[in-house]
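Converting from the sequence shown to my numbering requires adding 16 to each position, the first position being numbered 1.
One or more hints might be untrue.
Stated by the list, open to error - Calculated lysine-lysine pairs in the DSS-like style (CA-CA distance at most 25 Å, straight line):
#1 75 to 21
#2 72 to 55
#3 21 to 31
#4 55 to 45
#5 31 to 72
#6 31 to 75
#7 51 to 75
#8 51 to 19
#9 51 to 28
#10 75 to 27
#11 55 to 19
#12 72 to 19
#13 21 to 55
#14 23 to 72
#15 45 to 31
#16 27 to 55
#17 23 to 75
#18 19 to 75
In case anyone wonders, no lab produced these hints; they're calculated from the structure.
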Amino acid sequence: MPKMKTKSSCKKRFKVTASGRVVAGQAGKRHGMIKRTNKFLRNARGTTTLTAPDEKIIKSMMPYSR
């Protein structure tokens, strides 16, 4: 069998933690920050873990992530 390929877009955007959760950057901070509330901008800092259904999709695209 040939090797399975990891989706290039996924390896750039997501990281799998030691416990198996998928970590991604927060959405909604590329542009248009003037109209967003300060609370939203504060809460959108850093990274977040994906929900279980989203995790399943991403993990299928990253076969060698532990």
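- prompt: Which hint numbers doesn't this structure obey?
  reply: 2, 7, 8, 9, 11, 13, 16
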